[in-house]
Structure formats: C-alpha cells, structure tokens
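Asker: The lines below spell out each chain.
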Amino acid sequence: MRFLVVDDSATMRRIIVNSLDRVGYPDVVEADDGQTALAKFAEGGISFIITDWNMPNMSGLDFARAVRARADGAAVPILMVTTRSAREDILAAVDAGVNNYVLKPFTPPVLKEKIDAVLSVGAAA
Amino acid sequence: MSQLTIDDAIAAFVACEPGDEAARRRLRERCWVLVSNKQLDAQARTALADAVAVLDEPARFKGELEAAAMEEVRRHLEIAVDRVECGASAMSEPEPTAAPAAAPVAAAAPAEAPATLTIPADADRALIEDFLAEAREYLETAEAALLQLESNPGDAEAINDVFRAFHTIKGTSSFLGLEAVAGFAHHAEDMLDRVRGAELAFAGVVPDLALRAVDVLKVLIAAVPAALAGGAPALPAEYAALGLALSNPEQHGAAAAAVRPEVAAIEEAPSVPIIGRTAEHVVPGAPSAGAAAHAAPTADPLVKVRTDKLDRLVEMVGELVIAEAILMQDAVVRDAANHGLAQKVRHADKIVRELQDLSLGLRMVPLKGAITKLQRVVRDLAARSGKQIAFEVSGEETEVDRTLVDLLADPLLHMVRNAVDHGIEPPSERLKAGKPAMGTVRLEAMQAGDRVLVKLHDDGRGLQREKILRKAIEKGIIQSGDTMSDAEVFELIWAPGFSTAEAVTEVSGRGVGMDVVRRNLTAMRGRTVIASTPGQGSTFTIELPLTLAITDGMLVRVGAERFIVPTARIQRCFRPEPSAVHTVQGRGEMVHTGGEVLPLFRLHRALRVVGAQEAITDGILMVVGDGDRRVAILVDELLGQQQVVAKPLGEAVGRVRGLTGGAILGDGRVGLILDVDELVEAHRSRGTGAETAEAAA
Amino acid sequence: MATQVQTHEDVLHATDTALRLVNQALGDLGTADSLAKIAAPMAEKGAHGSGSLLSLASTLLRAYAEVAALLDRIKQSRGIIQEAQDAHLTQMNQKLNAVTSATEHAASGILDGLDRAIAVVAELEQEAAESQDMVRHARYTALREELYGVMTYVQFQDITSQQLGYAAAVIGDTEKRLEQLSGIFQPFAADVTAVSGTVPHSAPKHFDPNAVADKTDSQAFADSLFGR
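Residue numbers (my numbering), protein chains in the order written: chain A, 1 to 125; chain B, 1001 to 1697; chain C, 2001 to 2228.
Bound-form chain A, shown alone:
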C-alpha cells in the first residue's frame, strides 16, 4: 500500500514518514506542495494520501479538490494533517472531500487510528 505524503516542511514529512513506517506502512512517496503532489498522484499507484493544508503554490485544500475532480481520484482516501483548527476550516476540508482530519501535533497511535478508521469505512462500503 503506497502512501503519498504532502507537506512543505521537510521536518513534518520526515516525522509522518517515520510514523507511517512504525505503524506498518513503509511504502511512501513525498511531495512538498500541491502541484508536485498532483503530478506524483497522476503517475499512479497511490492508494492513500496524507496532506498538509498550508503550502506554497497549491494548498492542500486545492490539492484535495483537484484529486477528487480526477476520475482516478474519486475514491482514494485523503487524510488531512494540519494545524488549522477552526471549525470552518474543518468543514471546508470536509466539503473538499477529505476522509479524515488530524491536527498537529499528532502521535503515531492517533495517525494510525485515523488511517484505520478511513480504511475500515472504505472496506465496509
């Protein structure tokens, strides 16, 4: 199962990739903004996206919308990992089509819990 981790902070990417590795998902592709991420997604093979919100060039929100607009991106799980905590922001993310939302800072168990939750809902549907 290949993950796409999108964040402009190299530190955050390292931490997310590291956490993913620990909870059993070692296969990860990285991108540092929405545009790069969209290109990586278009290459195919991505089965789970974890994205930041605030990024230069293309924000995570626009990235999520762009993925959802693609025929091959309608069903891919998107988890947003961000510091944006306002309720309107969370609702905007929902409307953009993200499957779950984790606020920074997070712990690996929380990350795993959200990934599991998204995957289990997907499996049941």
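Bear in mind the hints are in silico, worked out from the structure with no lab data behind them.
There's no promise every hint is true.
[As the list claims (entries may be wrong)] Label pairs and their computed distance ranges (CB to CB): (1) 23/A with 2116/C: 20 to 28 Å; (2) 2216/C with 1479/B: 19 to 27 Å; (3) 43/A with 1629/B: 41 to 49 Å; (4) 1428/B with 95/A: 56 to 64 Å; (5) 2087/C with 57/A: 30 to 38 Å; (6) 27/A with 2216/C: 26 to 34 Å; (7) 2216/C with 43/A: 35 to 43 Å; (8) 57/A with 2071/C: 43 to 51 Å; (9) 57/A with 2178/C: 25 to 33 Å; (10) 1431/B with 27/A: 58 to 66 Å; (11) 2072/C with 57/A: 18 to 26 Å.
[Stated by the list, open to error] SDA-like, lysine to any residue: derived pairs with alpha carbons at most 25 Å apart: (12) 112/A with 1488/B; (13) 112/A with 2142/C; (14) 1309/B with 1356/B; (15) 112/A with 2147/C; (16) 112/A with 1490/B; (17) 2095/C with 10/A; (18) 1432/B with 1384/B; (19) 112/A with 2217/C; (20) 1455/B with 1487/B; (21) 1647/B with 1657/B; (22) 112/A with 1465/B; (23) 1647/B with 1315/B; (24) 112/A with 2117/C; (25) 112/A with 2227/C; (26) 1350/B with 1642/B; (27) 1475/B with 1446/B; (28) 1467/B with 1515/B; (29) 112/A with 2118/C.
Predicted model, so just to flag it, every value in this text is computed and none were measured.
A virtual CB, placed ideally from N, CA and C, is assigned to each residue, including glycine.
Chains B and C: place on chain A using the hints.
Answerer: This is chains B and C only, laid out in the frame that chain A set:
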C-alpha cells in the same frame, strides 16, 4: 399436631384496623376454623360462632357502625378465651391440641425435626397458594422491619411487624398442615415474643437470628410449590440448628452463629421470590393507601389480583381507547345533525379516558419491593468484605409500572454490588484518604415527568479508568483506550463480555452479564448514565419511563406515511439552512448546527417511503438520542404531539428493526412507533442507514 | 473589513472642508436667524441656558486650534515613522527569518541524531535478542520507543515556524502601511496608492496564523464529523 389456637384468632382481631376488610376476613376464617374444631370447649365454639355471625354481616361494618360491630366481636372472643382458659385449667387432662399457642408446638429436639417439607394429601391448594402470597408479603415486611431495627433497636412498631409476620405464618401454615413451616415459625415467633415483652434484648445474636429466620422461612415458602407438585423438598441445612437457637438464643445463639454458612443467605436470596417476581401482586386499593409505609400489609385494604388478569385488563382498556377513538372520528358521529349522539359519545369518551388513567394506575407499584432486597445485599456483602457501609434509601415509594420493577431488579443488583465491591474502600484506606471509615451507598428513586430516575451513589474511590481499560483490552473489547473519553471508558463496563457471568452469578444467582442487563433496559426505553470522580465516588443513574403502555409521541409525516417518535427522545426540531449539510467522505451527510455536527438521517430512505421531501430545506430536522449517539432525522412535517397506546406489531409482521410497534391513530389508521436507539445504532454501523427497516404499514 | 486608507490629498481636503464648516458656523452665529436655530434645542435641554452661546463659540474655536495643532504634530512625526520602518521593523523581520531557519536546522539536526540513535539502539536490541538476554532486549525496545516518541515532538518546529511566518508577514505588512502613512504626509509625494486593509495580505499563504499546540476541542469536533 399443631393447630390454629384461640390466640391466632386474637392476633387476627388485633390486626384489624378500621376499614380493613381483608383483615376482617382473615379473622372470620380463623374463628370459623376454631368453630369447627371439635376438640375445643363447646361454649368457646358457640362464642366463636357468634363472632363469625357478626363478621358475616358486611352491613354492620359500614362507616361508623364498624366500631360497635367490632366491639361485639371482641366480646364473643373474650368469652371464647375465658372458656378455653378455664377449660384448660379445670380439666385435669387437657387435650394437647387445645393447648394455647404458648405450649411448644415443635419443642422436639433438632434430631426429631422433619427432614423434608411435606403437604397433607387433603390440602386445599387454593388456600395454600393464597397463603404463599401472604407469607411472602409478611416476610418482606419483616425483613424491612428488621433492617430498620438495626439502626433503631427500640422501634416497638418494627418489632411488632416482625412478630406479626412469624405469628401469622405459624398460625396459617399450621392450619394448612405445613408442619415444617409452622414449627420453625413458632420458634421465631417465640423469640420475637420475648423481645416484644422486653424479656430479651434485641441485641447480640438476636437480630442476626431473626434475619436468618426470615431467610429460612423464605426458602421454606419457596419450596412449597415443589411439595404441592408431589415432591418432598429437603429442608434448609440451617433448619434444625437455627430452630434450636431461636428457642434459646442465650445458649444456642452463639453456636449457631458460628456454624453459619458464610454466603448461604446471599446465594439463596435470588431463589426467594420477591414481590416483583411473584405470580400475584398487591395492588393498592386507593392511590394514597400505599403511602402508609410502616404498617403491616394488613393495615391497608388490599385486594389480590392475578397479574395476568391485570395485564389483560390494561390491554383491553387500551383496545377500548382505540376503538373509542375510531368511533369519535366516525363521520356519523361527527355529523352536526346528530347532536344528541355526539353528546353521548363525548360523555363516553370522558369515561373511557378516566378508565384508561385508572387502569394504568392499577399496574403501578412502589419500588420498595425491589429496594428492600438490596438492603440485605449491601449488608451481607459489606459484612463479608469487612467494609463499613451505610445504605441510605429515599423515594422507595416511587411508583412504576409493575413490569419495570422486575426489570430494575437485575441492574440495581449489579450496581449495588459494584458499589460495595469496587466503589467503597476498606475502612483503613478510607481513613488514609481522609474520609470517614463508614462508606455511604445512597439509593434515590424519584419521578421526573413521565420518567423514573433511580440513582445509586457511593462515596468510594470512583471508577478507575486505567483498571477498566486494562480489563477491556485484556478481554479484547478494545485495542487501545488512548483516545477515549472518560464517559466512553465507563461505558465499557456494559460491553458484552466485560463482566463475566461468573462474577455476576456470585450475587445474583443468574448468569446474566451487564450487556444483557443494559439491553433489557434499552428495550424498555430506559437508559443508563455513569458519572464518576476519582476519590469521590460514582453515580449510576437508570432512567425509565413510568409505564410501557402509553407513549407520549410526536406524530410526524414522511411522504404519505405517519410515524410516532417518542417525545422523550426528541431534543429539538429545526429547519436547517442548506449550508448546514456537509457530506463526509465514507460517512455520509452531517448537519452542522449550533457548534456541533450530527449525522443526517433521511427517514424516508431508511424506511423506503416514496414521495417524501428530498430537499433538506423543505423538511424539518429532529435531533433525537443522547450524548454522542444523536442523529438529526429528516421528516416532511410535524403533525403534533399525542399520546398513543403502543402495541406490538402483529405476528405476521414480526420484529422490524427500527420500529418498536404500532399505534392506532385517531382516524383508525396505523402509525408506526420509531425505535430511536435502533435507528441511531443502525446509522452508526451502516454509515448511511440506507436499508434499516421496511415500512410495515 | 476592507477599509480604504485615504490618500494624503483626501485627508488634507477633508480637514480643510471641516475647518471651513467650523468657520462658517462661527460666522453664522452673528445672524439672529441662526441664533434662534441653535438656541432652541439648547433651551430645551436647559443645560447651559441661552447665555452659553458665547461659550459654544469659544469651544468651537478651541477645537479648531486643537485640530490644527494635531495636524502639525502628525506632520512632524513622519520622521519618526520612517525611522521605525527603516531600522526596527526590517531588522525584526530579518531576525524572525533567522529564527525560523535556525529552528528548521535544529529540528533537522535532532531528527538526524534520533535516526542515528535509533539505528544504534536497534543494533543493540538485535544483539541482545541474539544473546537471549531478554531483560536487556526489553530495555532497548523501550528506549527505541522512547526515541520514536521524541521524534513526534519535533513537530513543534513546524508549528513554531508557521507562527513565525505569520509574525513575519504581519511585520512586513505593517512596514508597508507605515510607508504609505508617511507618504500621506509627504506633501508632494505622487506615487502613493491605496492599500488593502486585510492583515496580512501577502500571498500565497503557507502558514496558519492560528497554529497552536493545544487543540483538543477542534480534534474532537473533527472526530465527531468523521466518526471514530
């Protein structure tokens, strides 16, 4: 060999309060039995016959006449007593059976005591059954009085209650030929008589002996049906030793206490039918009569009615209400031309409504029966675990539907056991924590609107989050509790498999897990709430509707169908803004309202109703459920509140998920009653609740 | 609140108009007509009585003097504003950027160190397992978990850098505004334009102004939306 004596007639006379018809009947029966006793002095029998004659004239006991009539009965009884006493002293060789009650009926040594409970071949079954019900009531009263005496040993009235129970059971069982019961009751009566006469202090081993006597009598009474069925049930192990101890507490009491089986009473308790479980039931003659808390059951004019008859009555009244509602809606009746008819129907309507209220009231019984038993459980559990616990009860007179009293027994037992075993700390630990050594377990029952609240509070250590989590993980109920709130962690104790049947059996005698208890409660539209503060204790709250027969409902329209939503489950209704709805990936629609988000539940989709509103802004959202188990239900229209008589869906339809039953509405059509919890549950597990239940109408 | 900051001409024009209105009002006081107009509401209030018309005139004159003095002072303070802009703000912005890159550097260093430490611990763990020393093995496992835990705390860097980014943007914006403000009072500056009032306006925005460490409520809100 033991028979009814003149003393039993006197006791029955003493028990007669003005207006107490049942007590008078008991007196009349005893007198009559004595009249037919050929061994009794002839003049005494004549006097007793005179008393019966007076008692047989109901007209003489009406209102103010009663006092004079009773005075006449008293005079006849006096003559009879005089005759029996002088006859006994005059005769050089008195008939042993004519001896007064004071003579030892079963003074036999323990070795000679009967080993089984037998019933004479010619026994009157109907009378015995009556006796069993009566004996259970007396024993309940006696037990309550004994517990009362623990805190107030000088309460003469309570001592009388206990005495009366033993005395009456002795008299009647002896009359019915239940020798084993009569013999034992006699010993118990003797001891209480000595307490009553200040000859023996209600202290030391005495209270304990009295309580154990109640237990043994309960076991004996419970064994009678088996004996009636032709069996010969063995007497309780304690029977002989306790009988001896009762007849001579000063000498044998301590020895009996020493051999006392430690948990026998606890294990036996559940097998003893308690008020809520007996086949028959006491119904207060008048609503206020039940309030006379302390008096013996004989003090209120009571009528025994079989519960199945009572249930049938309530059910029939329900049918009547519906039939009448249909009639009211009939075009002929509503036609203004039929003015006279309409008036008559309206009059009938008024009577039917009153009848409905009345019949529902008939099934209401005080919670006391279920609570009395708990006092005993607390006492025994505390003694066993070396804890000091004060059990405070308030609101035990709160009345609820009979079926709900039964339903409460298990959860209450679990809650109490939990509070005593896990809540209250040992005295040393309490002192260390700066609390009084004696812990308090407080049970409060109260009525709040059309709901009954039963709260059990303990001032112990509180629920231990870590301990519950560890156990839940151990049992495989959850993987990790890191992200769970306290409330969610506490909820785990209701999870299937959390409390093992083994642990539960110890007290309740039934292998019923907490999950079953909880499910039963939910099925009866009840719910549970747990609150706990570390170090300060926990409060368990059970909330139940007052009655199951009537539901206060909100009538709603979805397409052409109408449904009833129990009003108690509706938190609020509102017309949503289109921007309030957000579709969450993999979860479905959510409504954002007042700072919270609730799953949106389109009722017409779940119940496959066609022609309903699709646009959220054209409908109404109803917030139902509690806590994080709430959903916003979309319906087309609110049609108003009304009381409905809930009826189970017919056999043909069977159990439908999401519906609790149906009710016939004013126009004669059926409205289905929604099961809010099931709908919420289905929605939670399915995500969208797309195919929960099918409209059965 | 997209308020428009007026150009210096607008401001000067408005002030001039206001002063002229005051002058006119003072001149009008002399005519009986306007005296009656002003006196009527004042008499109703009964606050000062008709005799205080003269005090009204003196109040307005004093206000006139105050406004004139204020305008004068603002013109003088232009120099101070320019100084603040040049020296302090620019410097502060540079400092913030330095701190941000320093934390980035530090975080990266911490992560590198952790990576190396974890690798060493993993090696020791392996050795302990091979030598069947379960106690030591358990200890190394615990230590490795601890190091992983530390790693997740390095997220603070991302949060602080977003906060610093926000602070830097606010300072940058303030700088622009001050520049504009000083322009207003520069009598012959021609190139002054109106600026948008949103704070901060620099795009693209790749920081979260509300990035903080404690957001339990918000996570709970998200959880209630997405379910558990």
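Asker: All the hints need checking, so say for each whether the structure fits it.
Answerer: Each hint, compared with the structure:
no., hint, result
1, 23/A with 2116/C: 20 to 28 Å, "holds, 22 Å"
2, 2216/C with 1479/B: 19 to 27 Å, "holds, 21 Å"
3, 43/A with 1629/B: 41 to 49 Å, "holds, 43 Å"
4, 1428/B with 95/A: 56 to 64 Å, "holds, 60 Å"
5, 2087/C with 57/A: 30 to 38 Å, "holds, 34 Å"
6, 27/A with 2216/C: 26 to 34 Å, "holds, 32 Å"
7, 2216/C with 43/A: 35 to 43 Å, "holds, 38 Å"
8, 57/A with 2071/C: 43 to 51 Å, "holds, 46 Å"
9, 57/A with 2178/C: 25 to 33 Å, "holds, 30 Å"
10, 1431/B with 27/A: 58 to 66 Å, "holds, 60 Å"
11, 2072/C with 57/A: 18 to 26 Å, "violated, 49 Å"
12, 112/A with 1488/B, "holds, 20 Å"
13, 112/A with 2142/C, "holds, 20 Å"
14, 1309/B with 1356/B, "holds, 16 Å"
15, 112/A with 2147/C, "holds, 18 Å"
16, 112/A with 1490/B, "holds, 24 Å"
17, 2095/C with 10/A, "holds, 21 Å"
18, 1432/B with 1384/B, "holds, 21 Å"
19, 112/A with 2217/C, "holds, 20 Å"
20, 1455/B with 1487/B, "holds, 17 Å"
21, 1647/B with 1657/B, "holds, 15 Å"
22, 112/A with 1465/B, "holds, 23 Å"
23, 1647/B with 1315/B, "holds, 9 Å"
24, 112/A with 2117/C, "holds, 24 Å"
25, 112/A with 2227/C, "holds, 15 Å"
26, 1350/B with 1642/B, "holds, 17 Å"
27, 1475/B with 1446/B, "violated, 36 Å"
28, 1467/B with 1515/B, "holds, 19 Å"
29, 112/A with 2118/C, "holds, 21 Å"
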